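What follows is the residue order along each chain.
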Amino acid sequence: MKRPHLQPRTLTLLAVLLPIALLFIYVILRSGPLAPVAVTTTTVSTRAITPALFGIGTVEARYTYRIGPTVAGRVQQVDVQVGDRVKAGQLLGLMDPVDLDERIDAQDAAIRRAAAQLRDAEARQRYAQTQSHRYEKLLAVHAVSVEMMDSKRQELQVATATRSAASEELAQMRADRAALLAQRANLQLLAPVDGLVIRRDADPGTTVVAGQAVVEVIDPHSLWINTRFDQLGAQGLAAGLPAQVTLRSRSDRTWDARVLWVEPLADAVTEETLAKVVFDTLPQPLPPLGELAQVTVTLPATTALPVVPNAAIRQVNGVRGVWRLVDGDLHFVAVELGAADLDGNVQVRKGVKPGDRVVVYSESALSAHSRIHVVEHIPGVSP
Amino acid sequence: MISLAGRDILHAWGKFVFTGIGLGLLIGVTLTMAGVYRGMVDDGKALLDNSGADLWVVQKDTLGPYAESSSIYDDLWRSIRAMPGVAEAANVTYLTMQVGHGEQDVRAMVVGIAAGTPGTPGWPPYLVAGRQITRGHYEAVADIASGFKLGDVLKIRRNRYTVVGLTRRMVSSNGDPMVFIPLKDAQEAQFLKDNDAIRMQRRRTAANPAFNRPGVPGLLDDVIASQSSNNYVNAVLVRIKPGYAPEEVAAPIRRWKRLQVYDRTQMEGILIGKLIATSAKQIGMFLVILAVVSAAIVAFIIYTLTMDKIREIAVLKLIGTKNRTIAAMIMQQALVLGLIGFVVGKITATYAAPLFPKYVLLIPRDAGMGLLGVMVICVLASLVAIRAALKVDPAEAIGG
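Residue numbers (numbering that gives the first Met the number 0), protein chains in the order written: chain A, 0 to 382; chain B, 0 to 399.
Calculated directly from the structure, the hints in this document are not laboratory data. Some hints here could point you the wrong way.
[Claimed, not checked] No more than 30 Å apart at the CA atoms, straight line, and that leaves these computed lysine-lysine pairs for DSS-like:
| no. | chain 1 | residue 1 | chain 2 | residue 2 |
| --- | --- | --- | --- | --- |
| 1 | B | Lys59 | B | Lys256 |
| 2 | B | Lys44 | B | Lys321 |
| 3 | A | Lys352 | B | Lys240 |
| 4 | B | Lys240 | A | Lys349 |
| 5 | B | Lys240 | B | Lys14 |
| 6 | A | Lys151 | A | Lys136 |
| 7 | B | Lys59 | B | Lys44 |
| 8 | B | Lys154 | B | Lys280 |
| 9 | B | Lys192 | A | Lys275 |
| 10 | A | Lys275 | B | Lys154 |
| 11 | B | Lys321 | B | Lys308 |
In this text the structure is predicted, and so the values were computed from the model without any measurement.
Sequences and hints are given; from them, build the entire structure.
Here you go:
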């Protein structure tokens, strides 16, 4: 048999074509549907996790005092500005008394008149008394008739009644005056507590209705965060739990806080549970009311159970589970999930055992027939 | 027996191989173009696959949520969840917008996903790095095509989101990468105007005497609060219970909830038949032109290669070579040329595909069709060359 004679030219040709052919085979096997799917795996370990709840809320004051007149009127003066610290009982502003001072003057005059009338009635009563005594003596010596005596007695009774009416009228006038003074005092807008002025809604000259606030004062020591947690993740939320608060304006640091109470009423529209979170120590300077805050509530650690990353959890044909790697083959196992923490660890109540290898990341969706290729990092992802 | 074709190729192999490689680049472009078309279709299908839904419930008389805008109330999912055959129902919002990333911005489709556990409809079905969203606000999972990395902070409207996970092939039907954020944030992003607009709206409301009544303190604040909240979503994604047919579940929702419901087939029809129809036709047209041009060039090359050695063929004829042998030589050369071209084309297309900004999907069926096409064109082209070669007068070998 003749050995094929390989000329240098043939060798060169092969040297060019062979790499191309090999590259072609590599391309066919390594791309497209025949290519194995790169996956990363992890080993299931048993450990306790510390679940946490994440919510957002706004800084609010627990006690807000909206100070305004009890009757409609015009604002005469407002003595405080927004940001002022006030003491309990301090005058914040005054409503225009309109004719109240004049009415008090008129009342004073009326009191004096009533006092004069009282003096007049007293004089008349004294005179009637004297007359009555005199006629009684005369009647004893039969100098006047019984009829005359009865007339004098009646005059005394009338005079006594007139005097007591005048006295009561004076008392009424005085009471009216006291009422006017009370109304006058009511026109003063006073601070009910030591606090901070946060709003000045009306300036002198503005007409306000009854109940409308002129000045709003808060108790700055009562700042809390009205926090909203999605109901789905709110399991375990309870009063007294420690929390971490980050304010939107100072996002580089956190404050320790705790849950004061969980509202018994949830928001049915937004499907959120509400809770009040108070600072352990107030941030200084005080955050503005209404500032957005992020609240992370730490729950007590759970008992140790197998833990998988949440990226490992997949949905196949309506079943939630993980891809288990057994001898290089993929098996989908349904799992029952337990507590989860904010770092993406999920406890598995049923489905996997410690030591199982499960797929975490994959280049594309997996099926039981997928050819896989276990890697450290998915290609294209910077470690 | 010695192979005439092989001897001839060896004789001028450099010219032959480089012609093949040149032809391969042309075939590579054609294959890539087919890949671009397949990629467009696949983008649409990926969008549907990744939503993990069997049914899409959208506003009545719309083609939403992808092809048209659709908005429905965000509490409707509860009544849909209670319909027979519904295993899971979840709200979702879609908004294509520029997402801020440092100094630049990236075009992305922002998907608002309902709170829940991984696997809830709308959630990214798999990740390539990081973790799924665990906080109800200000976290994002981004597609790797967006260029975001884990820990990056991206800006959507006025809020900043931390990228906690990365996905792959999560794209809109336009090929824009997706960014998944919690639903409540997405609802806000979709509705929230810039601060100037909000201030103007407040002023306008305050100027309306119907809302700003001195006798009713607090009315204005309440009206403004109700104006700046958004309780709409774009669609409800429904996963049906095993044993139910999609239409069986869809019909009662359509009838009693008076909403539009699409199943997977209808949704594919909308996306591929309506949304990307024109651009797909455009690419298809271009593909046809490329194929015709490639065929013409292959024919020219083979004809020219044959004509180059017409004197040698005349000599062959002169020494009494059979016509069949000459025809076989030309056809074998044409087929080998086509094969080299295809192999080079396939390699080029495979390595060029990831460089394209949008997804290019090379499927083996297209490659098979391409190989068949190339071979048929080579055979047809060689027929012309064979005809010319056989007509040559042996006298030319000595005369010409």
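For each hint, the structure was consulted:
The hinted pair formed by Lys59(B) and Lys256(B) meets the criterion: a straight-line CA distance of about 10 Å does not exceed 30 Å. In summary, the hint linking Lys44(B) to Lys321(B) is not supported, as the alpha carbons are separated by about 56 Å, beyond the 30 Å threshold. Distance hint between Lys352(A) and Lys240(B) is fulfilled; the C-alpha atoms sit about 28 Å from each other, no more than 30 Å. A C-alpha spacing of about 22 Å is found between Lys240(B) and Lys349(A), which places the hinted pair at or below 30 Å, so the restraint holds.
Using a Cα cut-off of 30 Å, the hinted pair Lys240(B) and Lys14(B) is violated, with the two alpha carbons roughly 64 Å apart. Taken as a hint, the Lys151(A) and Lys136(A) pair is honoured in the structure, with Cα atoms around 12 Å apart against an allowance of 30 Å. Between Lys59(B) and Lys44(B) the alpha-carbon distance is near 23 Å, which keeps this suggested pair within the 30 Å criterion. For a cut-off of 30 Å, the pair hint linking Lys154(B) to Lys280(B) is broken: about 36 Å separates their Cα positions.
Proposed proximity of Lys192(B) and Lys275(A) is supported: the alpha carbons are some 29 Å apart, at most 30 Å. Restraint check: the Cα-Cα separation between Lys275(A) and Lys154(B) comes to about 29 Å, which is no more than 30 Å; the hinted pair holds. Only pairs whose Cα atoms come within 30 Å are accepted, and Lys321(B) paired with Lys308(B) is accepted, the gap being roughly 17 Å.
When held up to the earlier numbered hints, the structure conflicts with 2, 5 and 8 and fits the remainder.
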